[in-house]
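I would like the entire structure built from these sequences, with the hints used as guidance.
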Amino acid sequence: MQNRVPFVLSLIAGVIFIFQSWTGSIGMLQYIAVIPDVVPELAQYEWLFTLLLYVLTAIAGLGGVGVIAGGVLLTRGRVGTGKFVIGLAAGMSLIGVLVNLGTNIWLGGAVGALDILMLGGSLAAFVAIVLSIVARRMAGTGGTAEE
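Under the working numbering, the residues of the sequence shown are numbered 4 to 150, in order.
It is worth saying that the hints were derived from the structure and are not from the lab. Glycine included, each C-beta is placed from N, C-alpha and C at the ideal position. Treat the hints loosely; a few may be bogus.
If you anchor each label on the Cβ, the simulated ranges turn out as follows [stated by the list, open to error]:
hint	residue 1	residue 2	range
1	Gly-105	Ala-61	21 to 27 Å
2	Gly-64	Gly-105	18 to 24 Å
3	Arg-81	Gly-111	39 to 45 Å
4	Tyr-57	Ala-127	33 to 39 Å
5	Pro-43	Gly-112	36 to 42 Å
6	Thr-106	Val-137	23 to 29 Å
7	Thr-60	Gly-83	23 to 29 Å
8	Gly-111	Gly-143	40 to 46 Å
9	Val-114	Val-137	28 to 34 Å
10	Val-18	Thr-60	19 to 25 Å
11	Thr-106	Ala-36	18 to 24 Å
What follows is the structure in structure tokens.
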């Protein structure tokens, strides 16, 4: 089986995402639907913004499952597709972590930021994001660091 180490890393990252119930920041995506209301010239493209909202919500909802699915694709020889899926799922999760952290800083100042880091949820999500980035980087090299 090729890309064993990237698969294991993506599996661990996906499990962390799932146990933390961490997906992308789906809540902030609702603002995409408001764009045609704010900019009247874009009202004729409201269907496009709705479609974009549905696609991004589906990608954000993948979270850990998407990272694991990307890892499985890496082992099946679909390295490009696996990297793409891992990148989408982990990227949306990264946006979710940053939005959550930014919201806590905005509402609670530095104490709010430290409070969420103390809870461990964001820290675990950062670890999962780093693991998925490492898995993506290692994929295609045979899954070992020495090659």
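Hints, verified against the model:
no.: 1; hint: Gly-105 to Ala-61: 21 to 27 Å; in the structure: holds, 23 Å
no.: 2; hint: Gly-64 to Gly-105: 18 to 24 Å; in the structure: holds, 21 Å
no.: 3; hint: Arg-81 to Gly-111: 39 to 45 Å; in the structure: holds, 43 Å
no.: 4; hint: Tyr-57 to Ala-127: 33 to 39 Å; in the structure: violated, 29 Å
no.: 5; hint: Pro-43 to Gly-112: 36 to 42 Å; in the structure: holds, 37 Å
no.: 6; hint: Thr-106 to Val-137: 23 to 29 Å; in the structure: holds, 27 Å
no.: 7; hint: Thr-60 to Gly-83: 23 to 29 Å; in the structure: holds, 24 Å
no.: 8; hint: Gly-111 to Gly-143: 40 to 46 Å; in the structure: holds, 42 Å
no.: 9; hint: Val-114 to Val-137: 28 to 34 Å; in the structure: holds, 32 Å
no.: 10; hint: Val-18 to Thr-60: 19 to 25 Å; in the structure: holds, 23 Å
no.: 11; hint: Thr-106 to Ala-36: 18 to 24 Å; in the structure: holds, 20 Å
When held up to the earlier numbered hints, the structure conflicts with hint 4 and nothing else.
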